[in-house]
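J.: If you want the building blocks of each chain, they are given just below.
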Amino acid sequence: SAVISQKPSRDICQRGTSLTIQCQVDSQVTMMFWYRQQPGQSLTLIATANQGSEATYESGFVIDKFPISRPNLTFSTLTVSNMSPEDSSIYLCSVAGQFLSTSTDTQYFGPGTRLTVL
Amino acid sequence: GESVGLHLPTLSVQEGDNSIINCAYSNSASDYFIWYKQESGKGPQFIIDIRSNMDKRQGQRVTVLLNKTVKHLSLQIAATQPGDSAVYFCAGTISGTYKYIFGTGTRLKVLA
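Which chain is which? The protein sequence lines are A and B, in order. Position 80 of the first sequence, counted from 1, bears residue number 80 in this note's numbering, the numbering being contiguous throughout. For this note's numbering, count along the second sequence from 1 and bump the result up by 1000.
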């Protein structure tokens, strides 16, 4: 499977500021996704990052709060804007549809970014 | 709405015993299922998957069983080891949609 890295691995931020999280894959992938995982809970899909076009957001998530970029097939960013303590979570990127993969349905996850907002 | 749920939030097993983690899903159209293992401070790690045209699939020390009639799947871990301690998530999707529905997770504790 692809090797996925995220930066930063963790951060502590002040209320009202913004943080941009990077997701880098070592091979080209068709699909990239961003999830949020609140402490002790399961994963919730924020959006699908579309290469060269606007991301597709899930219900409850909006572009103004979580702008996403995907300039190419190996890289994406998620920005958490105007943060509040409720945004404290683990943010995970995942990928699917790797080149030569036998399955395009399987999602592989990055290590996550642990965000704490004070 | 759609859901994929797990029956038990925590499972404790003795080292060397077999573990069985269960998961129920509600969308009968789901045709692809995955089990992930998430260790503390890490992202979910793919363990094994199964498509709806199969009832059983085996990996290294793990087996996934799918019962479409009752919309239930399980993960069996043979000879559970301390390194198996983690939270296990099941997820279901309809092929091609990439919309995973995740279960709430089961924490597996391996007792020495």
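Honestly, the hints are just simulated from the structure, not real lab data. All residues carry an ideal CB built from backbone N, CA and C; glycine is no exception. Check before you lean on any hint, since a few could be wrong.
Pair ranges (Cβ atoms, derived) [stated by the list, open to error]:
hint, chain 1, residue 1, chain 2, residue 2, range
1, A, Thr116, B, Gly1016, 37 to 43 Å
2, A, Ile63, B, Gln1060, 38 to 44 Å
3, B, Leu1111, A, Cys13, 34 to 40 Å
4, B, Met1054, A, Asp11, 26 to 32 Å
Beyond 10 Å from chain A on every Cβ pair, some chain B residues (computed) [unchecked claim]:
hint, residue
5, Ile1034
6, Asn1053
7, Thr1104
For lysine-lysine, the following DSBU-like pairs were computed, each having C-alpha atoms within a straight-line distance of at most 30 Å [unchecked claim]:
hint, chain 1, residue 1, chain 2, residue 2
8, B, Lys1068, B, Lys1056
9, B, Lys1042, A, Lys65
10, B, Lys1099, A, Lys65
11, B, Lys1071, B, Lys1099
12, B, Lys1056, A, Lys7
13, B, Lys1068, B, Lys1099
14, B, Lys1071, B, Lys1056
15, B, Lys1099, B, Lys1042
16, B, Lys1109, B, Lys1071
17, B, Lys1068, B, Lys1109
18, A, Lys7, B, Lys1099
19, A, Lys7, A, Lys65
J.: Hint by hint, say whether it matches the structure.
T.: Here's how the hints hold up against the structure:
1. A:Thr116 / B:Gly1016: 37 to 43 Å: holds (38 Å)
2. A:Ile63 / B:Gln1060: 38 to 44 Å: Given range 38 to 44 Å: holds, Cβ gap about 42 Å.
3. B:Leu1111 / A:Cys13: 34 to 40 Å: 39 Å Cβ-Cβ, so the 34 to 40 Å window holds.
4. B:Met1054 / A:Asp11: 26 to 32 Å: With a Cβ separation near 42 Å, B:Met1054 and A:Asp11 fall outside 26 to 32 Å, so the hint is violated.
5. Ile1034: For B:Ile1034, whose nearest Cβ neighbour in chain A is about 7 Å away, the distance does not exceed 10 Å, so it is violated.
6. Asn1053: B:Asn1053 is indeed farther than 10 Å from all Cβ atoms of chain A, at 13 Å.
7. Thr1104: violated (5 Å)
8. B:Lys1068 / B:Lys1056: Given pair B:Lys1068, B:Lys1056 holds - Cα atoms ~11 Å apart, limit 30 Å.
9. B:Lys1042 / A:Lys65: holds (25 Å)
10. B:Lys1099 / A:Lys65: Holds. B:Lys1099 to A:Lys65 sits at ~21 Å (cutoff 30 Å).
11. B:Lys1071 / B:Lys1099: Measuring from Cα to Cα gives roughly 18 Å; hence the hint holds.
12. B:Lys1056 / A:Lys7: Roughly 38 Å between the alpha carbons, so the hint for B:Lys1056 and A:Lys7 is violated.
13. B:Lys1068 / B:Lys1099: Cα-Cα ~19 Å, so holds.
14. B:Lys1071 / B:Lys1056: holds (14 Å)
15. B:Lys1099 / B:Lys1042: holds (22 Å)
16. B:Lys1109 / B:Lys1071: Given that 30 Å is the threshold and the Cα spacing comes to 26 Å, the pair holds.
17. B:Lys1068 / B:Lys1109: holds (28 Å)
18. A:Lys7 / B:Lys1099: Within the cut-off at roughly 25 Å; holds.
19. A:Lys7 / A:Lys65: Since the Cα atoms of A:Lys7 and A:Lys65 sit roughly 19 Å apart, the hinted pair holds (cutoff 30 Å).
The structure is inconsistent with the numbered hints 4, 5, 7, 12, although it conforms to all the rest.
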